Amino acid sequence: MNLRGQIFETASARSSGAELSLRAGHLVLTCQDDGEVAEVQLTKVSDRLAGTARRLHLTDGRLFVTEDDKGADAILAALGRPAGFRVFILERPSVRNLALCLGLFVTIAGGLYFGLPVAADLAALGLPDRLERQAGGAAFENLDSWALEPSQLLTASQDRVRGLFEQTVRASKLSFVPELHFRASELLGANAFAFPGGPVVVTDALVTLAPNNDALVGVLAHEIAHIEARHGLRRLMRAVGWTIIVSTLIGDSSTVLDELVAFPVVLITQGYSRAFEIEADQRALVLMRQLDFDPKAYEEMLARLYAPCGTACDEAGWWSSHPGFENRIEALTPAE
Amino acid sequence: MAQQNEGPSRIPVSPGSGKTGEPPALALEFRGSASEYFGIWLVNLLLSLITLGIWSAWAKVRRIRYFYGNTRLDGHAFDYLADGWMLLKGRLIAVAVIALYASLELIDPFVQIIATFFFIPLYPFIINRSLRFQARMTVWRNVRLNWQGDYMGTFKAYVLWPLAAVLSVGLAAPAAARAASLYLTRNYRFGTAEFAAEASLKEFYKAFLLTIAYFMAMAFMLGGPLFGIGAVLRAEGVEGFGPEFLLPIAMFIAGATAASYYFALTRNIVLNGLTLSGGHGFHSTLPGLGYSWITLSNFLATILSLGLLRPWAAVRAWRYQADHLAALPAGPLDTFVDDQSKAGGAFGEEFSDLEGFDIGV
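Here the protein sequences line up with chains A and B, keeping their order. Numbering (our numbering) for the first sequence: 1 to 336. Numbering (our numbering) for the second sequence: 337 to 697.
Mixed in with the good hints there might be a few duds.
Said to hold, decoys possible - Each pair of labels, with its calculated beta carbon distance range:
{"no.": "1", "chain 1": "B", "residue 1": "Ala571", "chain 2": "A", "residue 2": "Ala275", "range": "23 to 33 Å"}
{"no.": "2", "chain 1": "A", "residue 1": "Ala275", "chain 2": "B", "residue 2": "Ala438", "range": "22 to 32 Å"}
{"no.": "3", "chain 1": "B", "residue 1": "Ala571", "chain 2": "A", "residue 2": "Ser145", "range": "33 to 43 Å"}
{"no.": "4", "chain 1": "A", "residue 1": "Glu330", "chain 2": "B", "residue 2": "Leu636", "range": "29 to 39 Å"}
{"no.": "5", "chain 1": "A", "residue 1": "Cys309", "chain 2": "B", "residue 2": "Ile639", "range": "23 to 33 Å"}
Said to hold, decoys possible - Heads up, incomplete: computed chain B residues facing chain A, CB under 7 Å, no partners named:
{"no.": "6", "residue": "Glu372"}
{"no.": "7", "residue": "Leu378"}
{"no.": "8", "residue": "Leu382"}
{"no.": "9", "residue": "Gly405"}
{"no.": "10", "residue": "Arg477"}
Simulated from the structure, these hints should not be mistaken for lab results. Values in this document were obtained by computation on a predicted structure and should not be read as measured data. All C-beta atoms, glycine included, are put in the ideal place defined by N, C-alpha and C.
With the rest of the complex left out, here is chain A:
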C-alpha cells in the first residue's frame, strides 16, 4: 500500500517527492531526495473534498500532501483512524445523488412552507407577555416621536370611543386592557393600528369618518383581534425564521447585487400579514355580533376607508401588507 505525494519540512515552502507506505502495521515515509526512510505518525488529516489535495500532518511537524484520495483513505482505514466526514459521497455529482438531494429538498421546502409558521408561532407564544408589551411600547414611542401629533378630539368623543373600546376588550379573550391613544396624523390619515401587546392608536380622522358606534366597534375589534392573536410578534418571528433560511441559502454571496435575493423574505412575510388582516376582520365580526352591534357597519366602514384609493385598491399586490378591498369583503361574506 503506497501513497505518493510531497513532503514539506516544518513551516517551509520547500517540498520534495515522497511516499507513505504501510509496513507491518507501521507507517513509513520514504523521501526521494535524500533517500530517508523513517517511521512516522499522523496527527491531523484534512477531510476529503472534490479536487482538493489531502493534507496529512506528521507528529514531527512535517506535512505530507497527496492528490490520491483513495490511497489516503485506504491507509487511514488500515491504521484504524476514524474516517472523518464522509459527506463527499453525497456531494459527488451523480444522477442518484441529484435525485436524492432534490427529493430531500422538496420535502424540506414543503416542511418549511407548512412547518415554519407553526414553529415561529410557537416561539412567539413562548415569549413572556411582558417582553411583547415592552417591544410594542417601544415601537409606539418611536412612531409617536416622528409621525403622530396630539389629538384635537373633544374629551366627550374620546370618552365615547374609550367606552366602546373597553366594552370590546371585555368581550375578547384578552386578560388585560391595552392602552388606547388618540392621535392626529396627516401622514397616516384615517387609520387605526395595534402594536404587539398594545397600545392601540386611533387617529382623529378615523373617529370623524365613522358614521356610528357600530363602525367604530368594528375597527376597534379588528385591532383587538390583532393583539389577541399576537399577530405582530408572530409575523416578526416568521420573518426572522425565513431570514435565517434564506441567508443560509445564499451564504456564499460575495457582491452587493446578491442582497436582492433576500427579496423573497419580504414577499413571504407580506403574505402572512395579509392573512392576519383577514383573520382579524373575521374575528371582529364575531366580537361585533357578540356585543349586538351591526356587522354590516364594518363592511361600510371598510368601504369608506378604501374610498380615497379607488379601484386601484380592490385587489392586493403580492408586496402589499393589507389585502385589497374586494379581498376583504369576499372573506367576510361567507362568515355571515
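Model the placement of chain B on the given structure of chain A, informed by the hints.
Relative to chain A, chain B alone:
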C-alpha cells in the same frame, strides 16, 4: 476525477516579455467545475436546514476549501485550514452578542443608542481579529498568510477615512479607498515575508470617474426602457409594475454593477502595485466591463433559476477572477518560511460575516 499532475502553466505576461532573463509569469489556475460545486452547495444547504443552521459552520469550511483547494499556483494548491468547530464557536459568540444588542431595544431604545457608541470603538478590534483569522487559515505550500494591522491603523483606515469620504460628499472616496487598500495589503505577511504596496492617487481618481460615467450610462440604458415598460403596464391596467416600482430596480442594478466595475479597476491598481519581499510581483488584468457583466448575468441567472444556478454563478465569478491574475516570481518560490503566531478565535471573523462586513482583497 481528473487529477493528473500537470506541470505549472507558464505564460508570458505580454508578447514582449519573453526575452531571456525575464522571469515567466505564473498564471493562477482554477480546476473547479460548476457540477462538482453544485453537489457541495446542495448538500451544504440541506444539512444546514436539517441541523437548523449548525452545519453552516462546516458548510463555510467546505465551500472555501473547495474554491481555495482547486486554485493552483505553480502546481501547488491553496487551502483553508479552519475547521467547523472553530467557526461554530465564533459564530455562537457572535450570535449571542448580536442578540444581546437587539434585545436592548426591547428594554429601552436609549440604552441601545448608548451601546452603539460603545460598539464603534470595538469595530477596529473585530476587523483586526477577522482579517488575522482569515489570513492565518489561508495556506499555500505549507506557508500561511498573516495579517498584522494594529488598532489605530485599522481605526484610521476603516472608520476615519470612510467618515472623511462621507463628509466630503464622496470627493475623498477614492483617497479613502486607496488608503484602506494600501493599509490592508501592506499589513499582510506570507509566512515571514512582507508585502510592499504602491498605488497612485491619480489612478484611483481615474477609476472613480470612470465608475461614475459607467453608472450614468447604465442608469440611462436600464432606467429609460424600464420606465417606459412601467408606464405601458400602468396604461394597460397592470398594477404593481408601475414606473415607481421598476425605476428603483434599474437604479439598484446600475449601482451594484458599477460597484463591481469599480472593484475590478481598483483591484488591478492595488495588485499591480504589490510586491512580496524578494521582488515577487503580481499581474492583475481583471476587465471592469467583463467583470461587471459577470456580476450582472450571475445575478439574473440566480434570480431566474430561483437560486439553482447559484453554484454555477459562484464558480464562474471565481474562475474569471483567477483567470485574470498571475504571479511574477523574481526567483525560486520554495524559500518562504512560515511563522508560528496564532490565529486567534473565529469570533471576529464570524461577527463580520453575520454583520455583512466586506473586507479583504
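Results of checking the hints against the structure:
no.	hint	in the structure
1	Ala571(B) to Ala275(A): 23 to 33 Å	holds (32 Å)
2	Ala275(A) to Ala438(B): 22 to 32 Å	holds (26 Å)
3	Ala571(B) to Ser145(A): 33 to 43 Å	holds (41 Å)
4	Glu330(A) to Leu636(B): 29 to 39 Å	holds (37 Å)
5	Cys309(A) to Ile639(B): 23 to 33 Å	holds (31 Å)
6	Glu372	holds (5 Å)
7	Leu378	holds (5 Å)
8	Leu382	holds (5 Å)
9	Gly405	holds (3 Å)
10	Arg477	holds (4 Å)
In this structure, none of the earlier numbered hints is contradicted; all agree with it.
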